[in-house]
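Residue 1 is where the sequence shown starts when you use this note's numbering, and the numbers rise one by one after that.
Mixed in with the good hints there might be a few duds.
In silico SDA-like cross-links for lysine to any residue, where the CA-CA straight-line distance does not exceed 20 angstroms [stated by the list, open to error]:
no.	residue 1	residue 2
1	K13	L50
2	K153	E206
3	K134	M273
4	K137	H266
5	K119	R159
6	K119	D163
7	K137	R117
8	K182	E206
9	K235	I76
10	K119	V166
11	K235	P77
12	K137	A270
13	K119	T129
Keep in mind that the hints were calculated from the coordinates and are not lab data.
Since the structure is predicted, the reported quantities are computational estimates derived from the model, not experimental observations.
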Amino acid sequence: MGWSRRYILFHGKRHPAGMGAAEITQFLSALAIQRNVAASTQNQALSALLFLYRDVLQQELPWLDDIVRARNPERIPVVLTREEVQAVIGGLDGPARLAALLLYGAGLRLLEALRLRVKDVDFNRNQITVRSGKGGKDRVTMLPAAVSRDLAKHLETIRDQHDADVRAGAGWVELPWALARKYPRAGREWIWQWIFPATRTYLHRETGPRRRHHLHESVLQRAVREAVRSKGIPKRATCHTFRHSFATHLLEDGADIRTVQELLGHRDVATTMIYTHVLNRGPAGVLSPADRLRPLYPGSPRIPPLGNIQVCVKLEPHPGTMHNHASPKAAPATSPRRPRPDYPDQACSAPKYRDLDTSSYAGRET
């Protein structure tokens, strides 16, 4: 409704039934040129107008080929170093710390970690099963050994809380799809409980039992944001940054990109290829020419200067300048040789060489 209203106001409150493809093209192009909206915003407006004409007004529209499309720039993901990851996780405590360890150690998305149930963690095989991830797909990823022991202790605490809820007449959780009708009492079983439950319960009005939801995503988002700020990390790091760092650090350690693709749950390996931008074989593998210059500020690394080097230049007469085809006179056998101060084991012959002072070229390389 919002985009339909903007579309009508843009054309002077004309009825959309009296307009068509030309007006839609003009409106969508103005969004990209005048309003400078993102490509996703323009696509959202296009979908809303297509719904208006096809489903509400029952009008078919031709292909809109003349729309000026908003550009969708390629973004490089924000990646934390290993030291920064350790600092941020060290600034967390409680369930937020465990959830952040799973985000970084298993490459989980935010809601994938918060929606984990007890049955999804296999401590014997050190693996986590992600149910209904992005695109409705299931996948298996690793359970980090660094979090395994703390997670087991956390589950003991959650088990005691669940037992207390059951004694109080609660202890129910939401089940996916229609499993609640097929297994009416499964929502109270231990295996279906959330690994990261909320601190409070709520009353489900449709069915009546008192349930406990999983931890809200804003709790972890706020904790990570405060930890990044308190550690003074000058990056726009979020919970999803741990997933970017997981993939990047695996590739830095030599992991196969196909394996990383499976762990992340990407359908196409091209999506995983974006994490190869920070490998040392890229921009960090070469030396900038600015690092060859003299120190520009105190405390910067000093590159050893070349000093005053005396360059020996051999002077030979051009053949066109020789008169009467006379050959040049050979230097006497006893020609004095002058030792070079920078290289005592070498010398320059006086008649055929001259010294050039290159002190002004100190510190330069070609």
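Problem - Those earlier numbered hints the structure runs against, lowest number first - result: Of the numbered hints, just 2 does not hold.
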